[in-house]
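Asker: Chain by chain, the residues:
Protein chains: 2
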Amino acid sequence: MAVNVKPLPHLHPAHGIRLGTAAASIKKPGRRDLVVMEIDAGASCAAVFTQNAFCAAPVTIARKHLAQTAPRYLLINTGNANAGTGAQGLHDAATCCSALAQLAHCKNDEVLPFSTGVIGEPLPVEKIVHGLPGAYAALSDAGWEDAAHGIMTTDTVPKGVSRKIDIEGSTVTITGIAKGSGMIRPDMATMLAFIATDAGVAQDVLQQCLKDAAGVSFNRITVDGDTSTNDACVLIATGKSALARIDHVAHPAYRPLCDAITQVCSELAQLIVRDGEGATKFITVRVNGGASEQECNAVAYAIAHSPLVKTAFFASDPNWGRILAAVGRAGIAGLDLARITLHLDDVCIVHDGGRAPDYAEKRGQDIMRKSEITIHVDLARGSHASTIWTCDFSYDYVRINAEYRT
Amino acid sequence: MAVNVKPLPHLHPAHGIRLGTAAASIKKPGRRDLVVMEIDAGASCAAVFTQNAFCAAPVTIARKHLAQTAPRYLLINTGNANAGTGAQGLHDAATCCSALAQLAHCKNDEVLPFSTGVIGEPLPVEKIVHGLPGAYAALSDAGWEDAAHGIMTTDTVPKGVSRKIDIEGSTVTITGIAKGSGMIRPDMATMLAFIATDAGVAQDVLQQCLKDAAGVSFNRITVDGDTSTNDACVLIATGKSALARIDHVAHPAYRPLCDAITQVCSELAQLIVRDGEGATKFITVRVNGGASEQECNAVAYAIAHSPLVKTAFFASDPNWGRILAAVGRAGIAGLDLARITLHLDDVCIVHDGGRAPDYAEKRGQDIMRKSEITIHVDLARGSHASTIWTCDFSYDYVRINAEYRT
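Residue numbers (the numbering used here), protein chains in the order written: chain A, 11 to 416; chain W, 11 to 416.
Bound-form chain A, shown alone (with noise of 0.2 Å):
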């Protein structure tokens, strides 16, 4: 069902970087649900994790590794988030992350873990502990394809992104992987992402990278408004490529490259709305004319969670007063509905308050038919900005969290 999708494409490998996935029956049988990556002596590594108070066991565990010591292995796994398990959570993902020091002859704190799935159910660590040896066999600088489809869940589409460009006469290689499909409104990262590159950036300069990439990629993405427990999202700079390191975000180098990683970042992003759960529309909310980013975003997502929105673009029916009601809910004090702009991609519907004079059902049903479509506000009280994305709402989103655990 994911919207406008194309297949996976080559994920370019980034030197320093190997991942090796197996299936380790965590929930199921016989589906890739383990993900290694190791990562060279000498990379840095930044990362972003979910704002929600409830984060989960392995969120706690790799935030306080990543404050000690640069990682070498990430370990991941699907089916089971180790979320809302209390303290034999954190001691569960404290065991796997050494019985991957073990195999691998590195410190319990060189390893961070992330799990994705079920929330509040133990953590099968034998199963993990038992599927690592083969995950560890199968590293490889081209696992990256593996890995995309190791770390999905209810996601119906593997999700990567790859770039090689140029920056200063060297070529350097951006590659990342992502899955999130539902409860999906990350607060300061995604589901799960991944990314690296062979550049070479001081580690406080990529953390600054990924603050700003985020910024205005993952944190611009909502499915159904839940923020998960486990979001994370992980940027390596390797410092393999023939780029001089960036030690500083005045280098002359960072910029270019910083642009690069928010435009894989970006791309990943909206790749989780379009699969999002029963997603059949990708819908773009962009909203400027606001006196701040922050009421652009009040409004946008407003609009965004709107169910009677997103059932209304589900059934294709231009129900503009849905959009405008979400508009005037967003709590924006002093609003002026007489100057408000409503648009559905150039179609403009909202003038002055009411129905555009020129605007005719058919034009708005003409839109609603598409499977890509842009909502444009303008509340015409300043000069600020905010696009984020979305997708709509439809009996599969039912159907799909109704059945999660069955």
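Hints in this document: simulated from the structure, not taken from any laboratory. Certain hints may be false.
Remember, identical chains collapse to one label, so a pair may be satisfied in a single copy or spanning two.
[Stated by the list, open to error] In silico EDC-like links for lysine to aspartate or glutamate, alpha-carbon gap of 20 Å or less: (1) 74 / 346; (2) 250 / 368; (3) 372 / 413; (4) 37 / 327; (5) 380 / 406; (6) 38 / 368; (7) 221 / 356; (8) 37 / 371; (9) 380 / 413; (10) 372 / 131; (11) 380 / 355; (12) 37 / 413; (13) 221 / 257.
We have chain A; now place chain W onto it with these hints.
Answerer: This is chain W only, laid out in the frame that chain A set:
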């Protein structure tokens, strides 16, 4: 599909109030869609309206008329919300008021207009004006039941509550009707509710009573988180009972009367949730132990608005991890997860941030199969509490809202 709703009870006439209903073919022929409510001279009238910035034309007119004089007539139509209709909408609402004023020999501003239905389409003024004589001729103090039908839109059952209580030796009647099923997240009042008592109450005292009553009833429900452009709740006190007029809130009759009115509002509000679009479960969300009522509300609404929680309830799946995830994203600073307790009815599911030691899936499933369920979250950080009511999220919600305009 309404959840455990009994047939409409007998609605006692409130002395001084007459209602007439007609079928004016506003959206579909043969359907009662026009209601006139006649109020005896000398009555007090209080009202609360939607806080949606895009309020409908009739809301603007009703507010204005109410500020000018005491109303003698309410004019209510379904099938068209007269919202998002700009200057023409204001003109249309005023035209309808003046048509009724002519018929009833009163002033234009003694008529308050109310509309509910599709947003963004011009009000069919001619149909309404044409239907008015029929509704006017039908005026009767026994007209409540017809009116309860006449204000329905996607409601599957008429909603009314009626009480006779004894206050200081006098019998006082309170009767109310309401409509609402979708676009329900009132932010001051519900979709539409009209309540009358034959007690005599000064206007400012009545307004205070309604504000307080709505605050713990209509403002504590949500079906889909979407606040209507047309919400209004009107409370009339005719002063026809033998009870002495209540001129201030310290009057001994004020508390028992206001408590009874609050009870009527609360039952009407819960009826709206029970008849929520596609609802199969009636869910009470109770949050206590909060540092403020506001944070209890934030947690309660985060749970009640989560599509993932709502679809799990539809599926009778005790997927409590989704409830925890919703609590975690409610934006409560410094929330100590290790102290939170979660119950479904009387079954303790979460304790110390993880699954309660004696919890077994079977016990959760037994609760989830019921049609009425209480989610109880104890934040264990203060003495404030809040209760709201909501429903689950089913295929039928999507169907109803995808097909709404077809």
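Asker: So which hints don't hold here, by number, going up?
Answerer: Result: hints 2, 6 and 7 break, sorted rising.
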